[in-house]
Amino acid sequence: MYIKLPGMVCLFIFSVLFSRSITRKIKNRLLELEEINRILNDFIVSINVGLYDVNFLITEAIKITKTTYHDFLRDVKTTMIKKDLSDFSAIWFECLNNHKFNISREEMILLENIGVSLSFNDKNRMVKQLTLIQSGLTEAIKKAREDRDSKVSLYEKMGVLFGSFLVVIFI
Numbered sequence: 001m002y003i004k005l006p007g008m009v010c011l012f013i014f015s016v017l018f019s020r021s022i023t024r025k026i027k028n029r030l031l032e033l034e035e036i037n038r039i040l041n042d043f044i045v046s047i048n049v050g051l052y053d054v055n056f057l058i059t060e061a062i063k064i065t066k067t068t069y070h071d072f073l074r075d076v077k078t079t080m081i082k083k084d085l086s087d088f089s090a091i092w093f094e095c096l097n098n099h100k101f102n103i104s105r106e107e108m109i110l111l112e113n114i115g116v117s118l119s120f121n122d123k124n125r126m127v128k129q130l131t132l133i134q135s136g137l138t139e140a141i142k143k144a145r146e147d148r149d150s151k152v153s154l155y156e157k158m159g160v161l162f163g164s165f166l167v168v169i170f171i
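Residue numbering for the sequence shown follows the UniProt record's numbering, beginning at 1 and increasing consecutively.
Just so you know, these hints were derived from the structure itself, not from any lab.
Check each hint, because a few of them may be wrong.
Distance condition first, Cα-Cα at most 25 Å in a straight line; then the derived SDA-like pairs of lysine to any residue [claimed, not checked]: (1) 100 with 90; (2) 83 with 54; (3) 100 with 152; (4) 143 with 104; (5) 77 with 32; (6) 25 with 158; (7) 82 with 100; (8) 25 with 11; (9) 123 with 41; (10) 4 with 165; (11) 82 with 97; (12) 157 with 146; (13) 142 with 129; (14) 143 with 26; (15) 142 with 67; (16) 157 with 10.
Please build the complete structure, drawing on both the sequences and the hints.
Shown next as C-alpha cells:
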C-alpha cells in the first residue's frame, strides 16, 4: 500500500497538471486574439490620424505588444530594414511563416490579411480593409470567450475526475 501511494499521488498530480496545460492553451489563444485586436485598433487609429507609414505603425505596435506578436513584429521590422520595403506583404507573409501562434487557421488568415491591408497605398482602402478584418476578429474573440467559458472549467474538472479515477483503480 505504501509503495503504491507515491505512484497514485503522481498520477493524480499529472492528470491535474495535464488538464491545466490544456486550459492554459485555451486562455492563451484568447489573449493572443485580444492582442491582435489591440494592434489592429492601434493601426486603424494611427491611419485615421494620418500616420500610415508602415514603418511607424510596426514600431508603435512593437511597443504595445507582450506576447509572441512582439517577437513577430520585431522580426517584421528587422526584415523591412534588410529588404526592400516596396513589397511589405511578402515580408509580412515570410515572417508569419517563421513564427508559431496559438490561433486557428481562420484566425491566421485574418492575421495574413492585416499584412495585405497594410501594403495598400490608399488610406481609405487601408482603413476599410482593417476595419473589416477587425469585425471578423471580434467574432473570433467572441467565439474564443465562449470556448474558454465552457471548456476551461470542464477540462479542470475532468483532470481531477480522471486523476481520482486512476487513484481508485490502483487502490
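Verification of the hints:
no.	hint	verdict
1	100 with 90	17 Å, holds
2	83 with 54	14 Å, holds
3	100 with 152	23 Å, holds
4	143 with 104	12 Å, holds
5	77 with 32	20 Å, holds
6	25 with 158	16 Å, holds
7	82 with 100	22 Å, holds
8	25 with 11	21 Å, holds
9	123 with 41	15 Å, holds
10	4 with 165	15 Å, holds
11	82 with 97	17 Å, holds
12	157 with 146	17 Å, holds
13	142 with 129	20 Å, holds
14	143 with 26	11 Å, holds
15	142 with 67	20 Å, holds
16	157 with 10	17 Å, holds
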